[in-house]
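Q: The chain contents come next:
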Amino acid sequence: MDFLFRARKKISKFLKAFFSKRQSRIGIYGPPNAGKTTLANRIVRDWTGDALGPVSEIPHETRRARRKEGIVITGNNGGSITIDIVDTPGVTTKIDYKEFIEYGMEKDEAVKRAREATEGVAEAMHWLREDINGVIYMLDSTLDPFMQVNIMMVGIIESRKLPVIIVANKIDLPDAAPQRIKSAFPQHPVISISGLEGDNVEELYEKMVEYFG
Amino acid sequence: MMEKIRLILDDVMEGNIVVLEKGLAPEEQSKLIEITMREITPDGFAGIEMETYPAKEKPGFLDRLLGKSSPTRLTVIGPADQLKTIKKEKDFITAWVSSR
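Heads up: the protein sequence lines correspond to chains E and C, in order.
Numbering follows the working numbering, in which position 78 of the first sequence is assigned residue number 78; successive positions increment by one, without gaps.
Counting the second sequence from 1 gives a position; the working numbering is that position plus 1000.
A couple of the hints might just be wrong.
Taking lysine-lysine pairs in the BS3-like style, the calculated list, with each CA pair at most 30 Å apart, reads [stated by the list, open to error]:
{"no.": "1", "chain 1": "C", "residue 1": "LYS1022", "chain 2": "E", "residue 2": "LYS161"}
{"no.": "2", "chain 1": "E", "residue 1": "LYS182", "chain 2": "C", "residue 2": "LYS1022"}
{"no.": "3", "chain 1": "E", "residue 1": "LYS94", "chain 2": "C", "residue 2": "LYS1004"}
{"no.": "4", "chain 1": "E", "residue 1": "LYS94", "chain 2": "C", "residue 2": "LYS1022"}
By construction, these hints were calculated from the structure, which means they are not laboratory data.
Turn these sequences into a full structure, and let the hints steer you where they fit.
A: Structure (structure tokens):
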């Protein structure tokens, strides 16, 4: 009897693995202060009612990748995707603790923040190579999209052959120029949103269902 | 690949500016960022500044057929606290460097 029970369990596990749709792990990448956590919080809140992490105007508020698993996003045509959202620290090639002191932090706290940020960025880069199935690349549309780190990151994502949606964020600000981002990355879909105000996030959800599904 | 990254980073950490005639592959760039982050210390190494310039020559017919992009790119890498702006005009690279 015991043998039968175990065999049935094994078969059921095998069938489940075979037929269930693989859950995509979508990483939100981008330079510091692009609004990655604001968007991650919005996605998680809109589809599960929770929140993911705190936001701040001081760069590198997110210093450890945070993930929320099993988010189901449904599009207008009824199609849906199940994803894990991974909110990552802002990618950069340099971190100096003195930058945080300029925001009024004590030295000890600033050094700790810098150390955590470097660990977080290293981890995010490692994950991009090992653990991510699709990318939302966030850009602040009030800034120059041709920054070296953006060109480099999009190149790295392309070399991994990962599907990428580029998000031109902060369109609620007067200096926003999402068109610059569209001309910088014509090879990828670009969606203009305000993660803070929620403007146009519906279009992003539609694109996510279509692109990551 | 790791040896190449280590060699570049050791040079930059000594205060040198490294010019790579053939640039770095995306995989190498990704590793370079990761290892740079692990080397940053307070009041010591603050990271790198990196600039890549596209190659002049376009990929050949065979490269395009095989889906290869031209790997010939010029990359300049230097310590972030010293290297300020790098400009390239035709065959001339200028960099503002502050001494420690």
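Q: Against each hint, give a clear statement of whether it holds in the structure.
A: Hints, one by one, checked against the model:
A hinted pair counts as satisfied when its Cα atoms are at most 30 Å apart, and C/LYS1022 with E/LYS161 qualifies at roughly 22 Å. Distance hint between E/LYS182 and C/LYS1022 is fulfilled; the C-alpha atoms sit about 28 Å from each other, no more than 30 Å. Only pairs whose Cα atoms come within 30 Å are accepted, and E/LYS94 paired with C/LYS1004 is accepted, the gap being roughly 20 Å. Among the hinted pairs, E/LYS94 with C/LYS1022 is consistent with the structure: their alpha-carbon atoms are about 23 Å apart, no more than 30 Å.
In the structure shown, no violation is registered for any of the earlier numbered hints.
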